[in-house]
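K.L.:
Which chain is which? The protein sequence lines are A and B, in order.
Note that this note's numbering has the first sequence beginning at 18, numbered continuously upward.
Note that this note's numbering has the second sequence beginning at 18, numbered continuously upward.
Bear in mind the hints are in silico, worked out from the structure with no lab data behind them.
Be careful, since some hints might not be right.
No distinction is drawn between identical chains; accordingly, a pair holds when it is met within one copy or between any pair of copies.
What the hints assert, rightly or not - Simulated crosslink set (PhoX-like; lysine-lysine; CA at most 25 Å straight-line):
id: 1; residue 1: Lys147; residue 2: Lys189
id: 2; residue 1: Lys96; residue 2: Lys336
id: 3; residue 1: Lys189; residue 2: Lys45
id: 4; residue 1: Lys319; residue 2: Lys245
Number of protein chains: 2
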Amino acid sequence: MNDFIFHNPAKVYFGKSQMEHLSEELLKFGKRVLLVYGGGSIKKNGLYDLIVRQAKDNEIELFELSGVEPNPRHTSANKGAEICKKENIDVILAAGGGSVIDCAKGIAAAALTDSGDVWELVSNSVFVEKALPVIAVLTNAATGSEMDAWAVISNMDTNEKMGLNGSALFPKAAFENPEYSFTLSEYQTACGVFDIFNHVIDNYYFAGEATFGLTLEMQEAVMRCVVKYAPIAMSEPRNYEARANLMWASTMALNGVLDAGTLHGAACHMLEHELSAYYDITHGHGLAIVTPRWLEYILDEKTAPAIARLGERVFDIPKTANAMDDAKKAIAALADFCFNTLKLKGTLTDLNIDDKHFKDMAKHACFGSVISGPKTLSPDDLEKIYRMCL
Amino acid sequence: MNDFIFHNPAKVYFGKSQMEHLSEELLKFGKRVLLVYGGGSIKKNGLYDLIVRQAKDNEIELFELSGVEPNPRHTSANKGAEICKKENIDVILAAGGGSVIDCAKGIAAAALTDSGDVWELVSNSVFVEKALPVIAVLTNAATGSEMDAWAVISNMDTNEKMGLNGSALFPKAAFENPEYSFTLSEYQTACGVFDIFNHVIDNYYFAGEATFGLTLEMQEAVMRCVVKYAPIAMSEPRNYEARANLMWASTMALNGVLDAGTLHGAACHMLEHELSAYYDITHGHGLAIVTPRWLEYILDEKTAPAIARLGERVFDIPKTANAMDDAKKAIAALADFCFNTLKLKGTLTDLNIDDKHFKDMAKHACFGSVISGPKTLSPDDLEKIYRMCL
């Protein structure tokens, strides 16, 4: 196992009756608030009205940036940063899923730079130590952005989707009311679910020497829960218990607890970010297509025990003496989860993606080098994995 | 499940090579440091010398309070508070196990009161929002005090052992180097192990309606790990992997993660605090004696499924159709873990404790009322449980 630092100062209010604390949290930072949201679902589920009411009751001045995209663009973040500068914003309120929260973080960071350009920070891998405070109201269980120090921003001009990281990017407070996810479609739910699942499996066991028993057990706990509650949330979208488990799983998957003592792997995320950057597909769907192929590709004598354990612990596949067989069954169970339980289309071809950009995507996914992990992957390897997804 | 707030701002440095950050963390708060420690084991394992060296190199002025007791006394905390006032201390450095850290927290809180008396805070259940900063170097996996907002202080004049809680009591930073626990005796290790285990089981499942699937799975993950690594740490005290798993389990058991969405039960802890208060026994040992009897006492048709699940998930006891039988096997497995694996003496009689004070202890454990949990326990019930421990 590796040494590690665990530090996550974000405060999470979880449940049905926590929204009363929203204005209290906002007022810690000031009265000029930029509300950031997406396509307007918060106007349908009552969240927008609640925010406006709390603002009014507390003499909070609300400014708005709406229309944040599912893969949030640097241009949207820059627009928000401009508002912050012009209107002297004290705190940013993100109301939506991970994309909205990521965009808010991008705004928060860019607003305190001279240029106001988030892409300058992203493309230079600047570690953000200075940003406006962000408060998040989560409506979709998926990215974990509600309690982590990362944002993922897309630049569609250059077909790039990249992470922005920094200690200043932890939300100061996050509100998680599972009821706000009741109105998500089956497809949105499925994509969110697989984003959560992949955050864990990308890190799982494959760290070899760096594997830490307690973290491993906790990773399995989260994956088991996701597998258990996903089909319930899909068939009963208003099932509070299921939505609550998925929402907290989203948070736990990336708040640092499941990284303790291990390596943070991200092979599938790096593969997928290229797909979203080139084709603007839904992140969780891309991950579901990529992940079983990645496992298939890295399966060998060395990785088989870890993949077999995944099958046993997460999918209840009885262990046999043959780890290679068990690992194959685990991969089949995972594919079944992605394409039958979650009902996600199973190939890139289904999403009208061909091999045209695979070479460039593979090169860029590695940042010109390799992806480390249970098996080191070169651009050649990645291209082969993309081809397995056709 | 219940609504909850998760917020834990403590920063943990975990591993072999983290101590270099100690002076950096201390200097955030100032140069006048009160070092608090216990019986001197830190002089044997090199920690004391390391602290003195870092202090010297960084012009930090070190004051000392040594001899903190295993059940830390209010008198020790008051002595520390007096030093803080007199010497204008900026930050308290606790180097030891949970008792030392608890004492340091008591000092930190008392130092900022007019009277400088920690018992005034404890006996009035004051929620501590103002305290000197505490930095902890943990040497024993047990209490979880390294990453929680609680301290337990004993008043031997009145035979009382009670908790002190408050947002200001989170350590600002905690250093966990499993190597510092290599020199613990088998008995100390066993007592620490069962303290960890009980922090989880006191909260487990028994919350009934309030049970939250993901939290349940994570509780089981931590208990499984404790059961797996305890015998290794006992037979190979210098096994880093085992010590590391136990140390991080200690932290995870009480840092809030395993409380999410559930009720924080503490029946066994309340039963045991009386034993320590009256007889000054080692906390973890008292818990090991009390816990299997508590389970036996609360076992009925309603609690059987939860206890059976504990057996299946934590002790690998195959599930049958008869939950009552399975639950009995689970309790037997737990007793076996306590008294055979951990080699702890199994009765109060073994510790020379008779029934003389049981009535008073039972009344006081409930604070004159009842203990809520899977089964509400009156003083009468508690007295019966104490008798089962003879």
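K.L.:
At most 25 Å between C-alpha atoms: does Lys189 with Lys45 qualify within a copy, between copies, both, or neither?
P.N.:
both (10 Å within a copy, 21 Å between copies)
K.L.:
Give the relationship of Lys319 and Lys245 under a CA distance limit of 25 Å: within one copy only, between copies only, both, or neither.
P.N.:
between (29 Å within a copy, 24 Å between copies)
K.L.:
For the identical chains here, do Lys147 and Lys189 meet the 25 Å Cα criterion within one copy, between copies, both, or neither?
P.N.:
Answer is both: 13 Å inside a copy and 21 Å across each meet the 25 Å cutoff.
K.L.:
Reference check for the pair Lys96 and Lys336, CA-CA at most 25 Å: within, between, both, or neither?
P.N.:
neither (54 Å within a copy, 58 Å between copies)
Hint 2 alone, counting from the list given before, is not met by this structure.
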